[in-house]
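A.B. asks: Next come the chains, spelled out residue by residue.
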Amino acid sequence: MSADQAVAALPETTDPVVVRRRRSAARPVLNVLMLVIGLVFLLPLLWLILASFNPRAGDSLALPHPFSILNYHLAFHAGAGAAIGNSLYLAGVSTVIATAVSTMAGFMLARRRIRFKGAFLVLILFLTGIPVTLLLIPTYQIFVSLAWLNSRFYTSIVLASMSVPFSIWLLKNFIGQVPREFEEAAAIEGAGEISILFRIVIPLIIPGILVSAILTFINSWGAFLIPLVLDANPADTPGAVGIYQFMSANGQVQFGQLAAYSVLFSVPVIILYLISSRWLSGGFSFAGGVKG
Amino acid sequence: MAKIVLRRVTKSFGSKVAVDDLNLEVEDGEFVIVVGPSGCGKTTTLRMIAGFEAPTMGTLHIGDTLMNHVPPKDRNLAMVFQNYALFPHMSVARNLSYGLRIRRTPKKDVDSQVHEIAEMLGILALLDSKPAQLSGGERQRVALGRALLRKPQAFLLDEPLSNLDAALRAQMRVELKRIHAQFPVTTVYVTHDQVEAMTMADRIVLMNHGELQQVARPERLYAEPANVFVAGFIGSPKINLIAGQIEHPDGASALRCLATTIPITPDIADRVRSSQSQGVTIGIRPEDILPCSPLGATPGQPVLSGCVEVIEPLGAETHVAVRVGGEIVTCRTPPRSGLEVGSTINLSFDIAQASIFDASSGLRLC
Amino acid sequence: MTAAVEPPAGDDIVIAEPRLRVLIRHVVTTGWLLPSVALLVGLFIIPTGYAIYLGFTNLELLGQYAQTYSFTGFANLQRMVHDPTFWYSVKLTLIFVIGSGIIAQTVLGLGLALLAQRVNVVVRASVGAIVILAWVLPEITVAFIWYSFSQAGGTLSHIFGAPGSDLLSTVPMLVVCMANAWRGTAFSMLLLSAGLRNVPGEVDEAAQLEGAGYWRRLFTVTLPIMRPTLMINLLLITLATISDFTLIFAMTQGGPGNQTAILPVYMYIEAFQFNQLGYGTAIALTLVLIGAILSIAYIRQLRPELKDATP
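Chains as they are written, first to last, in the numbering used here: chain D, 1 to 292; chain R, 1 to 366; chain H, 1 to 311.
Next comes chain D alone, as it looks inside the complex (with noise of 0.2 Å):
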């Protein structure tokens, strides 16, 4: 056949990765290359988990010999039960904290006409560049006058109040998506101010609000240097400074149990990741309730 005959033969196409595919003779080069890497990244995480099921652990890569879930028992009676509970407490109430608030300031940054508004978002832009390290000596020395040390709700605050600005940002804008055209058929239709909010406000921002809680849930139960310092109360002890003590208490590293604990410590946070990945790339869209 002609040459235009072949081409009008192949399949019609204009996927860029098939296109792509077409030309590259390199693949399975490229292929085992990025599956060793992908490897290299496995070791550590392979240990981890191989080290938690085996009672004899030791800082090698052994395959478990025999399986079991002892180093989980043990870890739990030694402590981190209880600092598990410690994290469960202040990455929740740090949560519902920053969420709440972050939510209302939100809603009117994103509703209403304020003075100075523009200069306030810039603030709190800023802020979320302000590190830890720099509020960490001046907010203990506070804590020491208010006599707010070693107690876990105050902790909690000053976590919330580490992921505020942020959230503040993040529900700002979505709210700030949401067409007001909801609300004023709503108003118009004669609903009053609060059946607004809490029958189509609310349930239209539930994702953003879900987001919010999930980023500063994270961010909380993985906090070390705050409850390190803040707290010196050993019934307090979260996760993170559990596991830090384990490591650096006298004697032989309990590697087995060390790693068991690491992984009860870090399941959570890995849930909550791959649930709210989900939500993140389903999109939010208001589907028919606008055009489009």
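Derived by calculation from the structure, the hints in this document are not laboratory data. Hints may contain errors.
Here are the simulated EDC-like cross-link-like pairs (lysine to aspartate or glutamate), alpha carbons at most 16 Å apart as the crow flies [stated by the list, open to error]: (1) R/LYS238 - R/ASP288; (2) R/LYS73 - D/GLU193; (3) R/LYS73 - D/GLU184; (4) R/LYS238 - R/GLU224; (5) R/LYS16 - R/GLU53; (6) R/LYS238 - R/ASP193; (7) R/LYS3 - R/ASP202; (8) R/LYS151 - R/ASP109; (9) R/LYS73 - D/GLU181.
A partial selection of chain D residues facing chain H, derived with a Cβ cut-off under 10 Å [to be verified]: (10) GLY58; (11) ILE114; (12) VAL241; (13) TYR261.
Here are some, though not all, of the chain R residues that point toward chain H, as calculated from beta-carbon distances under 10 Å [said to hold, decoys possible]: (14) ARG8; (15) THR10; (16) ALA54; (17) THR56; (18) MET57; (19) GLY58; (20) LEU66; (21) HIS69; (22) PRO71.
All residues carry an ideal CB built from backbone N, CA and C; glycine is no exception.
Following the hints, position chains R and H against chain D.
C.D. replies: For chains R and H alone, kept in the frame of chain D given last:
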């Protein structure tokens, strides 16, 4: 049902004036269409009537009550938004009944009324669906249904047809008129499409740059436009606007335009003379310029000779652009008129059918 | 709703909104903003201001200067300038940021992003998941894993061919940089992948037609187009790495000796182990200053792009 009166209403946002000194009276049960190009202030006016904005100056009365700062929920109005604003987390049935449920209407009544409206609008099968599952036309009907159910004292519609394709739009124009005949509620409808305005309105309110240009029945707006803007906005194809001068050869009065002199009656001459400047703009509708024989059809009417530049056959008629006396003039001819680009054509028109505007102010002289 | 007295027609009438409604609206708006403002002022702005003051005092954790401390002017600053550990710490910080952040994470991230464009879907998804998993783990977990990994007899030492040596003692900065690179690569990979997607395919194809090979296209076409993304990536990595505490502290506590005492760790040691709160704050202030300078440098690099974007 109520009368809507705007007196000297002005709305400004900071230094920008969106609506300037608007006076408007919408009669009880009237279907009024506010039309104009983007940015003319029509949507702002509608939003002031709805209560989402308050007038900076002036008064708004709905049904004899001063409403400047009354919240939208207390105005007993219904609105169809450009993007429908159907609550995405509620089913069609719950969307329709939203207003009724707020007023704590008994469930039995709610259900029967929803059923009735859904039947009338042909959306009965969709009652349990969510808005995301509906097509554009279906969503629009739900939005209409929600407004109708409330039995408000006035309907407000903000470009409701602009998101529909042309065929659906034509169909909905007929539907809306039918619904208004069945429920003769005072209606204020905003659009940028002059075809919708001409076909549906009892009266048209034409705005430009925040200012009212003219309020009149569609026929009057078409035949007697108040200024050059109105003349150009209404009517398709666009009216021919030709520059002209008043002259007085041998004591009589005449208009000089398109390289021809046209005698005018003393009556017209008087009104034209009252304008400040010597120049005028003459507006002639394309259907009023007719091809004729070189000797002219009617005495007193000018004969213009020109060259055909563009021919646009539309099937039922043909639009022809002719270069006459240095300007381009559009006229409408029957199909199969046998014209060719480049050929010479003779045209004639009756000056009495034209509108004459002052060249500088644009206002109508006669 | 009351029908007001008819104002005379013809005048400029202004009808004001009922005062009570305006007041209620202002109260509600303020009330909703207040909690966040209180938190931000109390736990951000005040501590920041306080920090700027404290950095110039002789406050200590315990003892006499804990109760009564005073403003000491530039004493802390002088001490810093003459403190060899401080300068060593600055050097370490720069090595850490540049080595693990800028070089390792960016190169690895870019490499993975480029590979991801051309490999099998399964490979891309699975390797991507592993790399991201490393990023999602709490920092303490990463610290523990790499601590164990680099012990004598640990897996890493086996790989390095020195099974008997405790790598964390022999090459501490290297291990710590590797750990941070392992942890942070995912961020660069994701960000740069998005940046790559935004490079129009036609530009690359036009270059191919001109005869440019892969590497030439990469360096003369793709990367220059991606410059804003690359800059933002560098900026974010720098800011995150420069103030990173947990990873290094949990692994080495700054040691052995001071060999991994980057500025945040050094600050902690001075403040809470040597009780020098004032001096520690001064170190923290310096850290913020360095971060700010670097940020400005990056943003300057971005400005030509921004200028082109706005008409």
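A.B. asks: Give me the numbers of the hints this structure contradicts, sorted from smallest to largest.
C.D. replies: Violated hints: none at all, because every hint is consistent with the structure.
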